[in-house]
Structure formats: C-alpha cells, structure tokens
Amino acid sequence: MIKITDLEKYYKTEEVQTIALNKLSFEVKEGEFAAIMGPSGCGKSTLLNILGMLDDPDGGSYLFNGIEVAGYNERQRAKLRKHNIGFVFQSFNLIDELSVFENVELPLIYTGVKPAERKERVHEVLEKMQIMHRRKHFPQQLSGGQQQRVAVARAVVNNPKIILADEPTGNLDSSNGNEVMDLLTELNEAGTTIIMVTHSEHDAKFSHRIIRMLDGQKVTENVLV
Amino acid sequence: MFRNYIKIAFRNIRKNKLYSFINIGGLSLGLTACILIMFYVSHEHSFDKFHEDSDDIYTLRAKALFGGDTIFVQNFSAATGQMVQENSAFVDDNIRIFQEYKPLIIKRTGLEPKSFSEEGFFYTDPNYFNFFSFSLLKGNPETALKEPFSLLISEEMANKYFGDENPIGEILQVEKDSIYNYTVKGVIAETPSNSSIQHKFVASVSSLQKTKGNDGLFNSPIVRGGAFKTYFKINDATQIEKIAETTNRLSKEGNSESKDLFFLYPFTETHLKFSRNAGIGYLDVFPLIAGLILLLALINYMSLTTARASYRSKEIGIRKVNGASRKEIAFQFYIESTLFISLSFLLAGILSFLLKDFFFNLLDINIDTAFFLNQNFILTLALIFMVSILIAGMYPAMVMASFNPIENFKKKTRNDLGGGLVRKVCTTLQFIIAVILIIGGITIREQMSHLQNIDTGLNRSDILMISLEKSMGNNIPAFRKEVEKLPAVKGTSISGYPLYGGYDMFYASSENGEPMALPFISIDKNFFDVLELKWKLPPEDPFLPEQPKKLVINETAIEKFKLKNDPRGQNIEMAGAQFEVVGVVNDFHYSSLDSPINSLAMMVSKSNSSINKFNSGSLYVKYQKTSSLPALIKSIESSYVKFDAEKEFSYQFMDDAFNEMFKSEQRLAHIFNIFVVLTIIIAGLGLLGLATFSAQKRIKEIGIRKTLGASVFQITSSLSLDFLKIVLFAIIIAIPIAWLLARNWLENFVYRIDLNIWIFLMASFATMFVAVLTVSFQAFRAATSNPVKSLRTE
Chain A
823 MIKITDLEKY YKTEEVQTIA LNKLSFEVKE GEFAAIMGPS GCGKSTLLNI LGMLDDPDGG
883 SYLFNGIEVA GYNERQRAKL RKHNIGFVFQ SFNLIDELSV FENVELPLIY TGVKPAERKE
943 RVHEVLEKMQ IMHRRKHFPQ QLSGGQQQRV AVARAVVNNP KIILADEPTG NLDSSNGNEV
1003 MDLLTELNEA GTTIIMVTHS EHDAKFSHRI IRMLDGQKVT ENVLV
Chain B
9 MFRNYIKIAF RNIRKNKLYS FINIGGLSLG LTACILIMFY VSHEHSFDKF HEDSDDIYTL
69 RAKALFGGDT IFVQNFSAAT GQMVQENSAF VDDNIRIFQE YKPLIIKRTG LEPKSFSEEG
129 FFYTDPNYFN FFSFSLLKGN PETALKEPFS LLISEEMANK YFGDENPIGE ILQVEKDSIY
189 NYTVKGVIAE TPSNSSIQHK FVASVSSLQK TKGNDGLFNS PIVRGGAFKT YFKINDATQI
249 EKIAETTNRL SKEGNSESKD LFFLYPFTET HLKFSRNAGI GYLDVFPLIA GLILLLALIN
309 YMSLTTARAS YRSKEIGIRK VNGASRKEIA FQFYIESTLF ISLSFLLAGI LSFLLKDFFF
369 NLLDINIDTA FFLNQNFILT LALIFMVSIL IAGMYPAMVM ASFNPIENFK KKTRNDLGGG
429 LVRKVCTTLQ FIIAVILIIG GITIREQMSH LQNIDTGLNR SDILMISLEK SMGNNIPAFR
489 KEVEKLPAVK GTSISGYPLY GGYDMFYASS ENGEPMALPF ISIDKNFFDV LELKWKLPPE
549 DPFLPEQPKK LVINETAIEK FKLKNDPRGQ NIEMAGAQFE VVGVVNDFHY SSLDSPINSL
609 AMMVSKSNSS INKFNSGSLY VKYQKTSSLP ALIKSIESSY VKFDAEKEFS YQFMDDAFNE
669 MFKSEQRLAH IFNIFVVLTI IIAGLGLLGL ATFSAQKRIK EIGIRKTLGA SVFQITSSLS
729 LDFLKIVLFA IIIAIPIAWL LARNWLENFV YRIDLNIWIF LMASFATMFV AVLTVSFQAF
789 RAATSNPVKS LRTE
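Going line by line, the protein sequences match chains A and B. Reading the first sequence from the start, the letters are residues 823 to 1047 in the numbering used here. Reading the second sequence from the start, the letters are residues 9 to 802 in the numbering used here.
Just chain B, same shape as in the assembly (with noise of 0.2 Å):
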C-alpha cells in the first residue's frame, strides 16, 4: 500500500508541474530561511556549552557604583578567585585570564624571522587545560603553562610561524615595554567559533608578574575589581546566592566602603547576555520570524494541496468505492504531504550550505561548518522536520479523506470541494504576514537610515583614523607632518583613541556637584577644527587648553556637575588634582545613540606622543572629498611603515566605525531584508498557484460569458476582484498589528524616527503591486483563451 502511494505521488507531482514547483519552491524557500536562521540561532544559544563542565562554570561580575552610574565590572583582583575558594565550601576551582587588550608585536627569530601584530594574547593559570575543555595538540596540559614565560600557540599560530616545523621548544619574542623571550610549549587545537574565549596565544600567568610594569596587578590582596577575568567551578549550583555572599564579605573585609555588588553568573550565558554581538533582544525576535515564514509557506502547501482536492476527487471516490477507509486516505495524503516535504528539506538542506557564506557574511558572522552537526542543531531541524508534517500533512488528509464518495462522481463540474473558506482564511493570513514584515522591513530601514544621518554635533566624513601603536614611539610628530604633507590631506589631529572607540573614565566632582563617572579623552588642539566641533563658550585665549591642568568639557557637563552657566575657570577635581574648565564645545555625539550624551571632558595635549604614552591613540586626516581615497590610503601607509615597521597599518573610516555601533540592528535589518523578499516570492507563488487554479476552476464560466460578449478586460478584473479583496482586507487587519509592534521595537531607542503614514501606504501599496501583478497575469491568460476549446472540456 505504501509503495503505491509513494508511486501516485511521485506521478502526480511529475503531472502537474507548475503546482509541485510551487509547493516544493515555496516550502524550499521557507525551509531554508528557517534552516539558516536556526543555524545562527543555535550558535548563538550553543556557546560555551562545549565543555565538559559547562554547566558548573561561572563568571565573576560585579555591579560597582561609580558617582551616580552603575558599572558592570568583569575583571577582578589577581587574590579574588583563590580567596573565593578558599572560604566557600561551595567552589572547587578558580581559574585567572588576563587579555591582552591591545595587539602585540610577536617576532620569530633564527633563519627566518616572521614578525606580526596579533590580537588573542592571554595569560592564565596553570590549571587551563583541567578548567575548562579546550585540547592541547601538542605538549603536556599538566605542566604546559607552569613556568615562566611559557607559551602555547593555536594550530593556526604554528602554522603561521613555524609551517611544517615543530614550534616546541622554539622562541618567539613578544613586544610589550620591553622585548620577552617566551618558549613554545605547546600547540591548542582550534576554538570553536562557539567559545566565547578565542585564544591564539595562552601564555603562563607567572609570565605576567614578570613583565614590566604588570607586577602592580598582582599587589592588592583583597576582593576587588581588577584586571582579571574570574572563573569558579561550583559543586553545588542552589549554593551560588551564597558564594556571592562570601565575596561580597571578602569584598567589604578588604575595604569596608566598597559597594561593590558581586554575583555569579553561568558562564554558559555570559556570551548571550554580555557580549556586544548578541544583540540577544533580536536573537528572540528571529526564530519567531523565521517560523512565520515556514508557516506561510506550509500555508500555500495546505491551500494549494486542498484547492487541488476537487481534481483528486475522482481517484479518492474509486478508492473508497474499492474498499478505502477514512483512515486509509487520511494516510495516504499524509504520505503525500510527506513525501513533498521531505523533498522540500532536501532542497533546503542544499540551499542553505549553498548559500550559508553569503548569509553569514551578510550578517558578518562566523561559524564553523561542523557545526552543521551539531546535537542540538539537528535536533531542531528534526522538530522543524516534524511539525512541517504535522501541520503542511494535518489539513489535506482531513479535507480529502472526509470527501464523499458519490458527490465526487455525481459532480460533472470540477466544483470547489476543499475547503474555500479555509483557504481565503490561510491567504488572508499569508498576506497579514506579508504586509506585517514588509512594514517592519520598512520601518528597521527607515530607523537605521534615521540614526545614520543624526545630527551628531560634528562632521565625520572624509575622516580617516589610523591607529597608533606604541611601536611607533617618538616617531609619531614626524609621520604625522608627512601625512600633512600629502595634498589630499586638510589637516590631521591627534586623540587618546578612535572616535567611537572609547574613552578614560574618572571619578570627579565639582565644588557643587556630587563626585560622579566624567568621560574623558586626550587630544590635541586641532581635535575640534578637524571634527567641526562648535564653540559654545571658546577659550579666551587660543593658547589656553593647551596649558597644563585645563579642561575643556561640553554643554551636559555644565549641567551635570552643577556649574554656572559660564563655567570658565571653575574647577573640576579629578584623579586627585584640580582642573580648570577653560572652554565649552556645544554637545556632540563621541559614543553610542544608545544613551543620551553624556558629559565629557577633554585634555588637549602640546605634544604628540603624551598622548599615547600609557594608550596607543588614533591619527584623525580629513581629507579632500575629491581625493582618489585608494591612492590617498597607499601614500599614508608607505610613510606609515617607514616609521613603524612593526604594527601593521591598519585604519577606519570615521563614518564607518560611527555605523559599526549598529552592528546589532544593521544585521537585524539584513535579515529583515531577506525576509521581506522571501515573503513576497512565497506569498506571491501562493497567490499564484489559486488564481490559477481558480481560473481553471472557472474555465466554462469564462467560456459562456465570451460567448455572451464579454470583454477580456470585464472578465480578467471579474476574476482578479476576488482575490484583491482578500489581499485588501489583509491589510486593513496587519496594519494595526504592524504599528503596534514597530512603535514597541522604536521605543528602544533614544532617537527614534515618527511613524509616518507614508510607511503603511508605501507597504500596502507593494503588496497590492504584487498581488494584482500575479492574480491578472493568470486572470488575463484565462480570459484570452478559446471559448469553444474551454466550452468543448466540459
């Protein structure tokens, strides 16, 4: 019986051509969105989870009053993990990581010296290897990172220094202040791109308290916020309330002011709830997009399969006749639905790995291909596979297996049988989808194109920021004049760090204020003409900021710390020493739209390389607008390697690293872009596929009304009509349900655009376009055909 089933499946799926097209390019379509947002999604919620002891790892966090803020501290005290453990009977093990947070300079000597700037530095305790579940290629785990200056690089580290030779036992050299000889001890295998650590190179913690100028790290013996992040694996997870207990006591023990608030968090969440690439409010937001997509493509399955019912009703009636069950029917159509199905995830499985690197690329994320086999991930396509069957399977097998069988042979005309109010109902719903996302697609466009073009208080185009390492040392005033010396080149500026890329925190207070959190950042005097920055309150002499201990700080400063209205020369103390306010710049945005503006104040330094003394900093070179940027670009980094041979040049686009702060919203948008397409195609084939069918269903009709005189154009625009009103009255109902849910996502911004009705009617009106495109185009086929040749069939 199977067997026959599968058979007249596949005949008719061979047989009616456009109808299998549609149904399987559909479902294929819908599958492989959901198959590579699942992916990513899975990814995401995988982190970390690779270890063997994922789920008795925690992070150390602290919450830290600073002034009025609260900052979230990750990295403690050197003493904080062992103390920890040594007074909760609740912590088995603590583990130290100190990152590098700036590149180093790594040199290989001998016969073939390779030198490079690499990011991925970390020190960590010798118990690395027992902590957490990452594998040593080559070395002893146990010992590996014991010594001093002990190193062990990543495979692909080894590759890039040492080829096919055997790195153990070599020497590479690491520039920090000084120059250090580490010895490679080992080689680690690849992290998976689900770790929220990424090491290339995992040298001993001891090495660290042998580095110049790190000793201090190690000096303070008590529980405090500091330079390292902090693991502990815990034998008892109801306990954590407690050892957060215990290290709040350490904690007030070592300083009896500290406010600082010390919890635990799983470490199996951290990258979810603290890492910049989340964007875990979307990450919600996408398996749920993802499956309406399916669902309409499950919907123009059900609706397509049941209007078809009428044409299978002569091969159900002879089976009932010939001694089929309900039941029997019902299985056989499932069979079916099956089958299409199974095709359809086939289709989609080659689709996504086809076009896997084009969408991680779009979303610029990065994912190992194994993890294609990853449990959990097969285990909700296996789910996905399942509720595809039960729901595209459920409705068709009910519609066909209910029919009678005598109706079916009576009935010369191929009448409606299956369900037409359930099938208006399935496209009225595919098409509330439709209009939802394509005004949510709008919407996210309108927003981001919003925040792009803010008005941020001064002009980032044509700025270039090269990133200053301090290889570069005393080099800095003379790259810079022959950077100035490029025609191309308006004028350059020197600051601490990258617009956008940071800045100093200090706790300063005012003699009215109360002490609170100042934003702070170096930079030289040409920082404000560079950046068109607007004077509120200049200083009175030009010379003035460039005087030790003055301060110029922008508008919300004056507010915040309570100064009178012209702030020049009041004081503001910070880190101990008193500051005079010499000028006041109108506010101006230098970090994420997230917040309002925040207070800010600026140091502006005579001499170049002050700046970057304890910091690498960021040349700023506006440039000609008419300039040939590639040409601009090349001249700078000749100049650049000739007085630092050890950094390679790297550099930013200041628009391109304002944009960079929506990396999380730029990807929802990418996504949100695909959808949009993906819903009009399958909606659109949905559409498609009725109006062809109805078409056909009313081929006499048209035939008779020819005949009586009709036009093609009264008979196209009768055909068409039905359909239209099902994709009007779609809309009327998706737009409420759209500005609901786009004003809730618009309320997480700070500067959010006004819903304008222009959006709703542009996306009612594309709908409309493609709806009247698909249904006339069918409409007008029918009404141009031969009435004797449709009058002859009946």
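Pulled out of the complex, with its shape left as it was, chain A reads as follows (with noise of 0.2 Å):
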C-alpha cells in the first residue's frame, strides 16, 4: 500500500540545514497496523505528514498503491489525500465554531457528497463512535476522549484506505486511551491500513509491526504478530 525508499526532508533557516529524514526506507501492506516511535525530533511527525500528503519530500520515492507522488504538486496531492487517507491528531484539531455532526460532515462535502448521504454516513459513524447524543454540541462543551472519538469519527466517515494517527492518546487519560486504541484496533480489523505515531509502549503494542527511529533514520522493526 505503501512504500517509500530513500525518502529525504531537510529543514533549512538562514544560518543551518537539518536533516529531519535521512534515507529512510519501509513498507506498510494493505491492512496492516504499524506504529512509529522514537525519541523527539526523531522525524516522526515529519514522516506522517509526507505520507499523509500534507508535505512533500525532499528526495526519494513514495509510492502509495503504486503511484509514485513524490512530486505531486498541492492540488494532486489534496485530490488524492481527501479520498483515501483520514487523520487523527493528537490534539483532536476540531474546529471550534462547527459542532460535532458538522465536524464529521467536513470530508464529506469536500469530496461531494449529497446532503441526504451525508447525514445517514454522519449519523451511522456517530453512532458507532457512540456519541450521537453528542452530535449538536461545540467540542469545547465535550471532553478529551469525547473530542479524539469526534476526531476518529471524522477520520474514517469517509472510509478511506488509510489512516493515520500522530499521538492519538497523548492529550488522554489512560481509560480514555484505552478507548481510542479499541477504536483503531476495530477499524483495523475492519481492513482499514493505520499507521500511528506514538511515544506509548502500551499503545504500540496494539500494532502489528513497531518500527524505531532516531535522528530521521529507521533503527529497528518489530513484528509483534
């Protein structure tokens, strides 16, 4: 599903350059769960973001189910990323002035869906992430877990291939991450690909494969399964 080889990011100021991925190197098959640690500044964000096609690399090749978009401009890149990959951020990044239904409506109008779809797929991925009581209220009225489940929620209404999740229980208390992680561990099961980024152990373990970096390199991968 996904492979990147060689893949570069450097990070220029006006006096130095740093390197935040040196050749770095992997794949992710077609439902698999992989978890990316390492210490910070590591490149992990840096990592997430160039396969999530927010940003793009510097040098190398990413193929995603096949197609080389290492040099996809934004708008390829924005066409591609709204119609298979979700995110999940640690710090939920919901927008404070919609409520929950319309926070998790956002993809679906991007990508065109009529209104009647849009509010059954709202309704039906609410009610699995069990907070469609919720569905009329602001983020600010809900709490953490409620929010990164909100955040979960927008990520795969609109079932895309892949998600991808940067600390998803770092701004939770452990019940509540525990919470999140099942979430993931269900959509996985489901056949949805995930690959997360983390500093928990115990989050990691849910994965499939955890694979270590340091100073924008791959260290070490573990297959757990």
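What the hints contain is simulated information worked out from the structure, not anything from laboratory work. Note that this is a predicted model, so its numbers are computed, not measured. Certain hints may be false.
[Unchecked claim] Cross-link-like lysine-lysine pairs, in silico, BS3-like; alpha carbons within 27 Å at most:
no. : chain 1 : residue 1 : chain 2 : residue 2
1   : B       : K15       : A       : K958
2   : B       : K544      : B       : K110
3   : B       : K15       : A       : K901
4   : A       : K958      : B       : K322
5   : B       : K544      : B       : K498
6   : B       : K432      : B       : K322
7   : B       : K489      : B       : K671
8   : A       : K901      : B       : K115
9   : A       : K941      : B       : K15
10  : B       : K493      : B       : K642
11  : A       : K936      : B       : K498
12  : B       : K705      : B       : K432
13  : B       : K478      : B       : K281
14  : B       : K432      : B       : K110
15  : A       : K834      : B       : K322
16  : A       : K941      : B       : K650
17  : B       : K705      : B       : K122
18  : B       : K250      : B       : K57
19  : A       : K983      : B       : K335
20  : B       : K335      : A       : K936
21  : B       : K671      : B       : K57
22  : B       : K705      : A       : K834
23  : B       : K23       : B       : K110
24  : B       : K115      : B       : K220
25  : B       : K650      : A       : K958
26  : A       : K936      : B       : K15
27  : B       : K572      : B       : K498
28  : A       : K958      : B       : K23
29  : A       : K941      : B       : K322
30  : A       : K901      : B       : K335
31  : B       : K281      : B       : K241
32  : B       : K478      : B       : K208
33  : A       : K983      : B       : K322
If you follow the hints, you should be able to join the two separate chains into one complex; please do so.
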C-alpha cells in the first residue's frame, strides 16, 4: 500500500540545515497496523506529514498504491488525500465553531457527497463511536476522550483506505486512551490500514509492527504479530 | 457547502464581537458616506434626463462681446426659435420659455379669496407637453396653452388655492402692472427635483403678448438676444455645428454688425454647466473622496481579517487535511467577505435613509426620495457593492487559502501568519488618506473664514435688507419713515438691488477709453453712510450727486475708463446720454469674490420710489448692535404689512447674503467636515483592531517581560511604538501630497490664504493624538493584565 525508498526531508533556516528524514525506507502493506516510535525530533511527525501528503519530500520515492506521488503538486496531493486518507491528531483538531455533526460531516462536503447521504453516513459513524447523543454539541462542551472519538469519526467517515494517527492518546487519560486504541483496532480489523506515531509503548502494542526511528533514520523494526 | 460557510461565518461574527463591530461598523460608515454622496452626485448628473427625448433637446446659448467683456447670453428674441427651425433641416421643433424673474401676486377671487406672492411663473408655447415630458394631471395637453390667459398650475398650487375643489375653469388674478384674469386650464404633476425647469404656474405665451409693457418682447423679427429661453429638438446630433452656423448667419442677416456667437448645448448638461448651484468642480471631487473613505473601510476589513488569520489558521488546516482545496478555502473566505459586506450594506442603506434629510439640509439641497429608485443610482450602488466584495474578499481569501496546514498545526504560538507587511502598508495608506483629508478640511475651513472676513471695503454687519416690490408703490417713503422711527434703527438707505443681489449693466465709454460694460446701481444718498463707504474724492457739494445726470464711481472705474486721477467733472457716456462724474469712492466688493473688483457707477436718486420704478428694490436698515433682533424684525414687519398687503414680508441679513455667495464652497466644507470625522473614526477603528490583535498576539511576551520586571509604562510604550512609527511615516508622506492638492485648490480663488505651517502641524498633531489614544489604551490594558494568566494560556 505504502512504499517509501530513500526518503529525504530537510528543514532550512537562515544559517543551518536540519535533516529531518535521512534516506528512510520501509513498506506498509494493506490492512496492516504499524506503529512508529522514537524520541522527540527524530522525524516521526515529518514522516507522517509526508505519508499523509500534507508535505512533500526533498528526495527519494513514495509509492502510494503503486503510484509515485513524490513529485505531486499541492492540488494533486489534495485530491488523492481526500479520497484515501483519514487523520487523527493528538490535539484532536476539531473546528471550535462547528458542532460535532458538522465536524464529522466536513470531509464528506469536500468530496461532494449529497446532503441526505451525508446525514445518513455521519449518523452511522456517530452511532458507531457512541457519540450520537452529543451530535449537536460543540467541541468545547466535550471531554478529551469524546473529542478524540469525534476526530476518529471524522477520520473514518469517508471510508479512507488508510488512517494516519499522530499520538492519538497523547492528550488523554489512560481509560480514554484505551478506548481510542480499541476503536483503532476495530477499524483495522475491519480492513483499514493504520499508521500510528506514538511515544507510548502501551499503545504501540496494539499494532502489528513497530518501526523505531532516530535522527531521521529507521533503527529497528519489530514484528509483534 | 455553501450553508456550512454561511453558518461558520455567522458564528464567527457572534463569537468575535469586537472585530465584527469594527468591521461591520467601519464598513457601514464608509458605505453610508459613499451612498449619500453618490446619491447626490447621481442626482446632479441625472438632471433633465427624465424627458423622453432628452438626448435630442438642445438649448441655445450665445457669447456676446460687450465692450471688452464676453457675456453669455441665454435668452433670445421671440422670433429666434421659429426662424432657426425654418432655416435648418436638422431642427424638428422649438419652444420658448419666458420666466418672470420677480415674484407675482396671485389671488383667488370669489368666496374664499386667497392672495400670495409667487415665484416660478412661466410663459411658454402650446407644444410644452409635446416637447418636454411633464405630465398634465388634469386638462388637455394639446389645447391647454393655446388661448391667451390660459394658466396651468402645479398640484401643490392647486391644493394651495383650491384645496379639494376642482380648479379647472376657475379664475386666478395675476398682478403685474395691471391685474390679469387667468383661467385655470389644467393641473401639472409636480416636477421632479432633477428638473432644471421648476414651474409652479405655466401660462400661454400669447398671454405675455397681451400683457402691458411686454408687447415689445415680440417686436424684434430677427435672431438676437432677448427674453426667451429657447430650446430645439434636433434630428441629428452630429449637425449641431451646422445649426449654430445657420443661427449665426441669421443673426448677421438681421444685424450685420452683430458679433454674437451662437452655440447649442445639450439640455441634459446645462444644469451642470450653467447652474450656480451645481458646483461642477466639486462634483468630480466628491465621488473621489467618497471612494477614498470606502477604500479606507475596505482596507480596515482586509487588514483586520488577515490579522485574525492566525486565529483561523487551525480551522483552515483542518479543512485542508479533510480534503478542502485552495479554491474551496478561498471561496469560503469570499463568502464570508460577501456576508460582511452585505450586512454592512444593509446597515448603510438604513443609515443613509435615516441620515439623508440631515445630510441634504447640511448641503442645502433638495432631492426627491423617489430618486432612491433611480436606475442609474441603483446601478451605481450595485457597482459599489461588487467592487467592495471584490476588493475586500480578494486579499483575505488569497492569504487564507495559501496557508500550509502543517505549519498551522505545528505552530503552538499564534504567530503573524497573514501578511504583516501588507497590513503595515494598509495602515500607512489609511493614515496617509486621513492626514490628507484632515489637512484638506482645515484648509477649506481657513479659506472660507478668510473669504468671510476679508476687508470688503464696507461694513456689512448689523444691516437688514428688506425687499420692496412694486406692490408697495408710492407707500415706500411712508414705510421708510416708520422704520426710521424705530428706536433700534440707526439709519436706512434705498437701493435698486439688495447688495450682492445683482446690478444693471450699461455699455459706457469715456472720451479717452474704449467702450465697455459698466456695472450700475441706483441708490439714495444714505447709501454711503449706511455701508460706511470711504470717499476717495468726495463731491464738492454734498447735494451734487442728487442732481440729474450725475454719477459717483469707484476707483477701478477711473483706471478702466482711463479717466484723470481726479475725474470729477469728466463725463461718461451711458445709454446714449452724458453723465458727469461728481465723486469717487474707494473700491468695495459689491458682487462675488470670484473675480477682482470691477468698475461701478452709482446714480444717487432724490426720490425713494424712482429707484424701484422699474425694478423692485431693497431697503437697507442699519440697526443698533445691542437691539433685540426678533423684536425689530417684528416691528418692521408690522409696518410693512400696513403698506404692502400683497407681497409677503421678506428680509435678509447682509452678512447672510454675502455668505450665500460661497454656497458651493460651504457645501464642500460641510462634506469635508463629515469626511474628516468619518476618516478619523474609521482609521481609528482600524488601528484599535490592530492594536488589540497585536496585544493579544504578544500576550506571552508581555507576561514574560512582566515576570522579569518590566513596568507597565515600559510595556505600554513598547507596544505603542510600532504603531506610532507607522502613523508618523504616514504623516511625512501625506504632508507634501496634501500641500500640492491644497495649493491647487486655492488657485481657484482670487483672494486666498497662504498655506501656513500650522495647518500641517495641527493635522499631524490631531492624527497622532487619535493614534496614541487608540493604541495606548489597548497597550495599557495588555500591560496591566495578570502575567500568570497570560502565561497559563500558552
């Protein structure tokens, strides 16, 4: 599903150039649940941004479903992204001015789904995430766990092939964190590929494989299953 | 998607009340100014366009050489129109209009007699309703003006004289030299405010022919100047030169010595070109300034919206991550701008409607409310609306759409994402405009006050001018005597005209000089004392000027007519007779300050009534400064009505008559004052918004500084300084621009002020004051906030 080869990314400031990704290569197969771990600044988030097509690499190859996307421009990336990728962030990233229903509805709007179908699909996913009763509330009115469930609902409402999760439990207490991990596991079991960046060994254990990084390079790879 | 955008826009408006208030309030104010100004300007440009054939109608004008002066002739002989039409294939129709330039006494006889002094009395040809698009509510437009002494009256007059009764067939007595009975043949719908022809009474032109003393108006069988405004309806606009040539030829055929140069002018442009009220020069300036004010408000909107961009960056990031394209984000912000502008437009519409009477009163103009529905005005509004959306929406949409989602997520602090430099440029631009307008406002004010306080060579204070009509007749001496008996009255004088209200012109020459036009007024001997005129060369015998065929002249006349330094005893030939100069007064302003003082001849009459034998005149009453004016006016009025029961008592202060001459400048000054206040409010609001934003943005920095021991003053000044630097920079740029503009404007005046440095200093100081007040208020609030709280928000 995803294959990166010798992927490179640099950040330049006026005086120094920092290497964020240094000839990184690995593959994630369809239906896999992969965890990426490593200390702060090792390039995990940069990697996730490139995998999520929010950013473009400075070198190397990125095959998505067999298509080379490394040279895509913003418009092309946006098009591919909205049909294939769902995101879950540590800080939930819900729009404060929109209700739970409207937040979850957002990706469907941008893929041009008709209003009646949107309503049906949003309700379906909210039921599944057990936050249907909160659909008219605004993000500030929800607990952290509930907010993250809304974020997960939003990530999956478009039935993406892959979900990229950036420390999804980082802002949650353990019981809420576990709930979210259970949700991701369920989604994975239903066929969705998941790549998760995490600091938590506990969370990483939910995955099939752990890729450990340091200074922009892959250090080890542990298969858990 | 659309609904989603509208929803989020509304929620944002509600959530950020201060920003919404500044944005919508500022835009509404700018738009209100723009709407009202455009309303006025469109109205001025719409004059006479409501006539169906307006594009085909031309008015006849001529330039006539009168001695060394060129005079514009707008009235022609009775024969002119018809002769030109008969000799030019390009003229389809012509019409003549004669307007009574003095009020007439009109009386309804019968059961309930009513008598009023009326203006707006016209005589015209029977094709009036065919030629123009005035509508007749009652009566037959084809025949109504055929018979002599047929009269059409406006709806207002019909109500005034006849109330609910049917006026058709009723008699109205019109008093001129004699009393004439006119039969009302119809009622005309009220003329719109954008008509240059404002009739209240329209009589058949044949009535004029049968009116005593007016038969002479019809005697001249040639093309020449005369008493009738003459209009043509032409069939080929490219041939107006040809028609003018034909007219010139006919004029020469009638009088081979004629040097008159005839030309045709489009009827729809005559108001702007020739009307004294139009003030065309400023009409071009108003939309420009209204546009600047609107631009200022739009800049505020743009600059505040992008300043707030960092608050919206997370939302934009999320939208992008969830599939929104750049185009969709840009579209969303365009929708938001459209919503803001629509709301502001709505509010501005309501404000304009509420403020229109105040605004029109201030400018002393009268516009029908129905003009709000004028097609061109509505089109102008639509254009302003579209341009506002385009300008205000574009930049924020571009800035927002170009955000990089990862940057947005990564940045934990609320950094300045949306074009800090552009915002600085915008604020600078705003303050440049503000300073220019303020300097403009002060300059206009100073120039007006300069004109009003200029030494005009006479003392016009504490003088009332009471109009005397023919209807007072031989009662004038008795009336004057009664007025003079009032304890508050210091003296009186009689003149053929109210001062600044006109004079006669004669073709005159001396033995040495070329013949030229000589302004002339009839006065009595008190004139010099009442106006406190200074004698340059007094008459040798004080009673000499009252003798027949004697003249008093001013200094300029000596020079213009090449008279001796002491011209007493020399003759001036005027209207075919020799007049002896018996005295010379120092120059004084007796007409508009647009041009330098011209020569003047004054004939001093012994008899009160001879002065207004042919004209109505004016009684000048000089009163004690300390007297109670309402009581004085009341006493004069009660004497007046004893001697003239027909013409309403009317008076004017000489000071007011003088100020009346600067009407269009005064209008400009009023509009400018409004503009200046608006500019300061809008620019101030913008600065307030930016300062608030800046303080919020730097709240962590302020917290850290305070923790490390910075004082409130240090923080306030560090926050304020950035903005004040911008304002100072704007002032430096604005001053030379304003200086150039003000100098150019002042060149229109013969008597003008020097551009003093204090004008610029005052404007700079005022701007700085507003800026310091706005910015430091916000900065102080931020500086006094609790650092623990601000650090915790991070």
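Do the hints match the structure? See the list:
no.	hint	in the structure
1	B:K15 x A:K958	holds, 14 Å
2	B:K544 x B:K110	violated, 35 Å
3	B:K15 x A:K901	holds, 25 Å
4	A:K958 x B:K322	holds, 21 Å
5	B:K544 x B:K498	holds, 24 Å
6	B:K432 x B:K322	holds, 24 Å
7	B:K489 x B:K671	violated, 35 Å
8	A:K901 x B:K115	violated, 85 Å
9	A:K941 x B:K15	holds, 17 Å
10	B:K493 x B:K642	holds, 14 Å
11	A:K936 x B:K498	violated, 90 Å
12	B:K705 x B:K432	holds, 16 Å
13	B:K478 x B:K281	violated, 33 Å
14	B:K432 x B:K110	violated, 61 Å
15	A:K834 x B:K322	holds, 24 Å
16	A:K941 x B:K650	violated, 88 Å
17	B:K705 x B:K122	violated, 75 Å
18	B:K250 x B:K57	holds, 24 Å
19	A:K983 x B:K335	holds, 25 Å
20	B:K335 x A:K936	holds, 20 Å
21	B:K671 x B:K57	holds, 25 Å
22	B:K705 x A:K834	holds, 25 Å
23	B:K23 x B:K110	violated, 65 Å
24	B:K115 x B:K220	holds, 19 Å
25	B:K650 x A:K958	violated, 84 Å
26	A:K936 x B:K15	holds, 18 Å
27	B:K572 x B:K498	violated, 36 Å
28	A:K958 x B:K23	holds, 18 Å
29	A:K941 x B:K322	holds, 25 Å
30	A:K901 x B:K335	holds, 12 Å
31	B:K281 x B:K241	holds, 19 Å
32	B:K478 x B:K208	holds, 21 Å
33	A:K983 x B:K322	holds, 25 Å
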